[in-house]
Structures are given as C-alpha cells and as structure tokens.
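In this text, residue positions in the sequence shown follow my numbering: the first is 545, and each later residue adds one.
Any given hint could be a false lead.
[What the hints assert, rightly or not] The calculated SDA-like cross-link candidates involving lysine to any residue, where the alpha carbons are at most 20 Å apart (straight line), are:
no., residue 1, residue 2
1, Lys599, Pro961
2, Lys576, Leu719
3, Lys767, Val751
4, Lys682, Gln672
5, Lys767, Thr730
Hints were generated in silico from the structure; no laboratory data involved.
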Amino acid sequence: MSENESNNPHQLVIDALEIHRQRRRADPNLGKAAVVIDLDACGLDARTRTINAVKATGRHYVISEFSRPGELATLPTDNPKVWQNFLVTNGLLKKYPDMDWDAVRKDFSANYWREPGNDPYLHLRTDQFAAGLWEYTKVVRAHDAEVVFLSGRSERHRLHSEHTLNAGGAGPYRLLIKPDQGEVDTAQNKVDNLLAVSDQTAPEPLVPVVIIDDLTENREAVKAAFPDIIAIHMALPGYAADHLPGQRPADGAPVVSDFLGGVSRPKHTGRLSYLTSMSKVLFGVENSPPLARGAEISGGEMENHLLSLVRRSLREARDVGAAHADRGDLADSVHRVLTHKMFRRGPRTNFEVGEFRAQLAALGIGYGSDVAIPAGIIGFPIKFEGLKAKGTQPDLAEFGGLLRLKQIATAVREVYPDGMRIEILTDGTHFRSRDDSLVDSYLDQLERYRALIDPEGDLVIEDFDAAVARHLKDPGLP
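Please model the entire structure based on the sequences and the hints provided.
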C-alpha cells in the first residue's frame, strides 16, 4: 500500500477492531467483531481460472484478443458491470460492434465456474491468496476478531473453497455461501448470512465491523443492513472493476489493491532505507550511499511491475521475429531467430543452420505442417544453498528464466505460425534428497510464474522423473 498510515483504509480496520475489543471488555455479552472478506477477485485471485476461461471463450467466439490474455489491459470477472468495463478498457466494443457480448459473458462465466472432467469444480483449487491475506487474517485474530469469508459461491463449491483457504493457512474462519437450490440474489444472500450470524440468539454471535468486497452492489446492500460497518473496495491488480479507471466506486468506499496495509512492518535500523514505493528510491544521488538501499512494495505493485516487464519483453521478442519473417526458408528463418543476439550465447557456429534443417526434416516439420517445433531443457532444480538463496521458493531469477524462454517461443511464432513448444524438465532431488512437499511447493510456485508469463501454453513444466516414467511407459512419446 502506498497510503500513509493516517489514510490507510486497513489502518481504519485495525482501529475499529481495537475500539470493539475495548467495548467487549466493558460488556462481555457483546459478540466478537467480524472482518468480512469476499472471495473471488478479493480474498482470492482466480487468475489461472480467469485466463483459461478467457481463452476457451475466445476459441468459441473467435475473438483473437482472447487467445493472448496476457496482452489484455484488464482481465474480466463474470459480473455484468465489471464485464462491461472490461470490454471498454480493452476497446472490444468498438472492434466487435455486432458481437453478442452478453452471450460471450455467459460463456465466459460457464468456463470460469466449471471445467470438463469428473470434478467440474476442481480448478477452484488453482486460486491463490491475494497479497497479504494470510498475514491479515493473523492480525484480525490478534485483535480478538473473527475472519468471515462471505462469498457468492454455492455449496457445491464449498469443498474446494475450503481446501484453498486451509492450504493457505487462513483458518480458523467462517465460510458463508449460497445454497445450491433456487435463484438467490448474491447481495441479498450476503446480507441474510450476516444477519444470521449476528443474531443475538445465534451461537457465538458476531458483530460485522468491516466488509471488503470488489462489488459496490454487495457493499451497499450490507451497509444498508449494518449502517456502522466499514466498507472497503478491493481492486486486485490487472482486473477490470465495476467503475472505470480514474473513477471512484459509486458508494465512495476507499480502495485497496491488497491486504498488506494491515500488516505491521518491522522498523529499520541504521541507514538502511525503508521505503514503501519504488518511486521514492533515488539512485545515484549520494556519492557515499548507505550499505543497502531498497524499497518495500506490495504484492500488487510487484505483480504490476512483472506484468509490465512481460508485455515489454514480448513486444521486443515479436520485433525480433518479425525482422526475420517471410524469408522463404523455414529452417533459415527460425535459425536466425534462435541465434539472434538476444538469445544466443557464444558463436553461431555452435549451432549450424544445416544441422537445424536436418532436425526439422527428421521431425517432418515445415510450413503448414501444423506441428509446433519441440524443444526441451533441463533446469530449475529446487533451491537448497542457503548462502545463495533465502528459502526454497522460486524468485525473480526463475521468473526471468521463464520469461526468456517465452520470448524465444514468441519470436519463433512470428516466422512459424505453429510456434515452438518448450518442455522444461525439473529435478528437485538432483543435488540432494528433498522432502516431496518442498519440491511440490517449489513447482507450484514455478507453475504460477509460468501461467503469468505464458497463458498461451508455449512452455510446459514437468518433473524429470515423471517425464522419464511417462516415456518408459510409452517409448513412442516425445
């Protein structure tokens, strides 16, 4: 968060919780305070589901922009107001004036909430915590309050919703959602659920003190039933909202982009800079700088930086590919892309065009073959050396490596429309034996990076041992 502590909406929440705690000391019969948090596009970031749904709908309605979700100015939700603003911010209404956009939205919604397979809701487990949510729930409970997740999801979504919340460490909490039967208005259902848990005859009644939701209609309905509640608008980075950029929410609610503003920060010592915005870092100003200089930025700000980096990097890659397009000879064109100075290390003679031409011929690949050029690398073992890295999770080094591979695939697509499929074989136990949970956690984060960089699926990450086992089972597989 970039707000000062005095105007930080999350600080208002902390203050309100402290006031309520003091009231409970005077009146033990008063129920606990409740911080009420919506799930989709609020407490949880469903970016993977959103991207997959956009791509599926794009294939159905032949919308070229939907095939490259990473290049969209904003991502949608299935709320009609948000959907309309998504169309506006991406210029889609002007480009496709005859499109039945309401039908497109309904198709997107179906893909967003269900996927093919025996368990159509399993993909809900791909949702990720919004930045700071885990820490925020701890702060709430430290102020003698309860966390209530209040969602428009239905009972059929409960199992996987609870799995995501539990896996992220959000508990204990209450999850209030809609029944499966009947047409239930989401905003009214949220009000009814809160009235039920705040009823003084209910077991362990609560006092809703704060609601954080991405939709104005939900906040207004709850505010009408609980006039003293603090309403906050959540605007996750990269998503359209129910108001256009530059405008305020219709209910005037303060806006946040993450939960980090409610998390206490350690105080700095000495001359170590402790800033909260990259814009405040002054590089090269002092001849004798302090030992270290840094900036603390939120998860949302970091993601915006990364998305900007991805867009810029892929534009550069397309320019490289376009410069070698229409040369006539496929092997020569792709070879020039692969050995461009952006991607090459060492002399071009390390990889001769004749050798590459023979490889393509052996695979039967040529213009119109409708086959992606296969490539594979072995890399990204789990981190283990404490001197070089803090923890075992992927960081910006892995992100940069994946982005470079995506650049290669993007540049190749400019000269060969069927593109390139790069398989990344990881080996989390190559250097030393590691617990499966650590390796799985590393690969999960690596896959999240890949989804952010490569929604089109040019890159495939697979465990080395799994790939070997798959190949041994069917040697005919690539």
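Can the restraint linking Lys599 and Pro961 be considered satisfied, given a maximum Cα separation of 20 Å? It holds: about 18 Å lies between the C-alpha atoms, which stays within 20 Å.
Would you mind confirming whether the straight-line C-alpha gap from Lys576 to Leu719 stays at or under 20 Å? 16 Å, holds
Take the C-alpha atoms of Lys767 and Thr730, compute the straight-line distance between them, and say whether it is at most 20 Å. Holds. Lys767 to Thr730 sits at ~15 Å (cutoff 20 Å).
Given the hint that Lys767 pairs with Val751, does the C-alpha gap stay at or below 20 Å? Holds. Lys767 to Val751 sits at ~13 Å (cutoff 20 Å).
Between Lys682 and Gln672, does the CA-CA distance stay at or below 20 Å? 17 Å, holds
In summary, this structure violates none of the numbered hints.
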